[in-house]
Amino acid sequence: MPFKRYVEIGRVALVNYGKDYGKLVVIVDVVDQNRALVDAPDMVRGQMNFKRLTLTDITIDIPRVPKKKTLIEAMEKADVKNKWESSSWGRKLIVQKRRASLNDFDRFKLMLAKIKRSGVIKQELTKLKKENASSI
Amino acid sequence: MAAKRKTPIKTRNPDLIRGVGKYSRSKMYHKRGLWAIKAKNGGVFPCHEPNPKPATAVEKPPKFYPADDVKKPLLNKRKPKPTKLRASITPGTVLILLAGRFMGKRVVFLKQLTSGLLLVTGPFKINGVPLRRVNQSYVIATSTKIDISGVNLDKFNDKYFAKEVENKKKKTEGEFFEAEKEDKKKLPEDKKEDQKAIDAFLIKSIEGVPELKAYLAARFSLKSGMKPHELVF
Chain V
1 MPFKRYVEIG RVALVNYGKD YGKLVVIVDV VDQNRALVDA PDMVRGQMNF
51 KRLTLTDITI DIPRVPKKKT LIEAMEKADV KNKWESSSWG RKLIVQKRRA
101 SLNDFDRFKL MLAKIKRSGV IKQELTKLKK ENASSI
Chain G
1 MAAKRKTPIK TRNPDLIRGV GKYSRSKMYH KRGLWAIKAK NGGVFPCHEP
51 NPKPATAVEK PPKFYPADDV KKPLLNKRKP KPTKLRASIT PGTVLILLAG
101 RFMGKRVVFL KQLTSGLLLV TGPFKINGVP LRRVNQSYVI ATSTKIDISG
151 VNLDKFNDKY FAKEVENKKK KTEGEFFEAE KEDKKKLPED KKEDQKAIDA
201 FLIKSIEGVP ELKAYLAARF SLKSGMKPHE LVF
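Residue numbers (UniProt numbering), protein chains in the order written: chain V, 1 to 136; chain G, 1 to 233.
What the hints contain is simulated information worked out from the structure, not anything from laboratory work.
In this text the structure is predicted, and so the values were computed from the model without any measurement.
Please note that a few of the clues may not be correct.
[What the hints assert, rightly or not] In silico DSSO-like pairs for lysine-lysine, Cα to Cα no more than 27 Å straight-line:
{"no.": "1", "chain 1": "G", "residue 1": "Lys223", "chain 2": "V", "residue 2": "Lys116"}
{"no.": "2", "chain 1": "V", "residue 1": "Lys97", "chain 2": "G", "residue 2": "Lys145"}
{"no.": "3", "chain 1": "V", "residue 1": "Lys19", "chain 2": "G", "residue 2": "Lys145"}
[Stated by the list, open to error] Derived list of chain G stretches under chain V, where covered just means 3 residues or more per stretch with a C-beta under 8 Å from a C-beta of chain V:
{"no.": "4", "segment": "135-146"}
{"no.": "5", "segment": "212-224"}
[Unchecked claim] Covered stretches of chain V, as calculated for chain G (at least 3 residues, CB under 8 Å):
{"no.": "6", "segment": "108-118"}
{"no.": "7", "segment": "121-133"}
Glycine included, every Cβ here is placed at the ideal spot set by N, Cα and C.
Take the sequences, apply the hints, and build the full model.
Take a look at the structure:
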């Protein structure tokens, strides 16, 4: 299977270890075989090992090591935030965060909602079953 | 020559380093009291007449001298303060009880008593927990809060919850062998009335929030996959 996501200048990656865990960063330069120079609008530009990054499908058009302002403009132009949040990977992360921040009361309300939903589904299912059985 | 003092006067101006005093000339002027020592007063610092001391009672010599010198323990004037209340526990917070008869019940916090224990109520109609005292350590504070302003909690203190003292009756020999007739202790009516008064107000606020009543009626339990150190309460 050939590689589809390459390390290149402008590749957007997700940090999967360390202080900036969960952040979206942009690769702005490659230091050596193992490390990249990485930047994001809300962090100081710094090096990170590739092992700490998971590449995403999103790339942006930037020169090598752009100024913060150019980086932010390029990210706006490529609409990185919306692309990420509408991708299935991004949506899953958002849901995970929401679930982790649920209150004890929220979890109770969630349980009631799940029971209600499954009740409605079961009703429909039994209705369909009955129709099917009667038609046979 | 002026009268010699018994002890040579020690300077009121300590040295910071040799040659440099801590206080300036004007400060020293004030410290020595030169602003008040004037010729018209006789060259002494003026002072009020001392208040006449009240007459002390005549002390009688003690009747008994102990053989050995007994050391008196040092005086302890420490007054213990009520336990520090966790910042997450404020009046109206929903708490989860972790131990005891009502383990797992979700309960409303009312106030902290002077002994440090927390005053808590079910409300009784919702989950069967009466007005009760509970230790802060056996409680998880959730972030759900109910508005309890308007409830009067002044009459509840530690004395309210003290056990009632029975008067002991002397038993004759015959009565000893009889089975002890103990009537089951009934809750006095006024305590029931107090419970109802507090609950009436609380239940109104609770019914204002959807599903809160069912939440308080249910017990909390850890299910499979729940990690307490990762749960947000």
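TODO: Would you list, in rising numerical order, the hints stated earlier that this structure does not obey?
DONE: 3 and 7
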